[in-house]
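Use the sequences and the hints to build the structure in full.
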Amino acid sequence: MMELDELRIFQAVLQEDGITRAAQRLHRVQSNVTTRLRQLEDKLGVALFLREGKRLVPTAAAWRLNDYAQRLLDLAEEARLAMADAAPSGRLRLGAMESTAAARLAPVLADYHARYPAVQLELQTGESRTLTVAVLDGRLDAALVSGPLDDDRLEQIVVAVEDIVLVAAAARGAPSLEELADSTLLTFGSGCSYRQRLEAWLRRQGVQPRRIVELGSYHAMLSCVACGMGLALLPQALLDSMPQMAAQVSTHVLPDDLSRAPTLLIRRRQARQPALQALETMLLECAWKGGGSLGAYANN
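Position one of the sequence shown corresponds to residue 127 (my numbering), numbered consecutively onward.
Treat each hint with caution, since some may be false.
Said to hold, decoys possible - Label pairs and their computed distance ranges (CB to CB):
{"#": "1", "residue 1": "V172", "residue 2": "Q370", "range": "55 to 63 Å"}
{"#": "2", "residue 1": "E248", "residue 2": "A297", "range": "36 to 44 Å"}
{"#": "3", "residue 1": "A187", "residue 2": "E304", "range": "14 to 22 Å"}
{"#": "4", "residue 1": "A346", "residue 2": "H239", "range": "24 to 32 Å"}
{"#": "5", "residue 1": "L249", "residue 2": "A346", "range": "17 to 25 Å"}
{"#": "6", "residue 1": "E203", "residue 2": "D237", "range": "22 to 30 Å"}
I should point out that these hints are in silico values taken from the structure, not numbers from a laboratory.
Heads up, the beta-carbon is just placed ideally off N, CA and C, and yes, glycines get one too.
Okay, structure coming up:
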């Protein structure tokens, strides 16, 4: 019979890409990690990793097991906390889009730290696609991403509805579809939901942007827009939080199917912990609504 400790070791090896870093993360000797991993493989009757010298390559069976392992570990943690009737404490690993972290999260996290000092909250920023994968893999407990998402493994709660605007140089008027096609689009990487939204809309119009330049921060993006380098798609709330930068650019209304985007708090189904429940409650109390009601997105 599989043991929870074996599943924790298996996940550490999978997530850390090898025995050495997994042993460091678990504070175990490497030989113990290797032995317990082989014992798990013997119990299951399948190879979870292919050994190529010192390198371990996950098999298809390993990726199948990972989903079950996360569910079992989440359920065990939920049972432990239910029996302890614990107040929020321990580690909470939260992911967030950079725009959400910059424009909305700071006062919430400050209040959260004041209310729940026993919680060690870790924040990781990134693109929606990357954060979603991290939640599914168990590397994050929850994340704030742009939706909607179509994945039955996730619970999704709308905590904001963002007004999305097209940003151009201050002296520039609203670009036509032809001008959009001939413009440089300034974006994050391909995992950015706002970029995906804009590219999908352009494809529906039969337009292919002339050039896409990927940047690593909104400050850099707005600076480049202000200098006339190109156009960007941004949440209005982010511009409102950066008034000096916003004064150097112009904003333009987008078509209805581009102009509003729900921000979701996502977590694995059945993943329950007091620290996350407390944060969820605080986020809903904030009533982040962008330019309108959450009601239209309540069932996403």
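Report task. For L249 and A346, compare the CB-CB distance with the range 17 to 25 Å and indicate the outcome. Result -> This hint holds: roughly 20 Å between Cβ atoms.
Query - C-beta pair E248, A297: status relative to the range 36 to 44 Å that was hinted - result: holds, 43 Å
Requested in this report: Look at the Cβ atoms of V172 and Q370 and judge whether their distance stays inside 55 to 63 Å.
Outcome: Given a distance of about 58 Å, which is inside 55 to 63 Å, the answer is holds.
Query - Pairwise beta carbon distance, E203 to D237, judged against the given window 22 to 30 Å - result: Given range 22 to 30 Å: holds, Cβ gap about 25 Å.
Query raised in the report: Could one say that the CB atoms of A187 and E304 fall in the range 14 to 22 Å?
Result: violated, 52 Å
**Report entry** Consistency of beta-carbon spacing, H239 to A346, with hint 24 to 32 Å
**Finding:** Since the Cβ atoms of A346 and H239 sit about 29 Å apart, the hinted range of 24 to 32 Å holds.
The structure fails hint 3 only (numbered hints given earlier).
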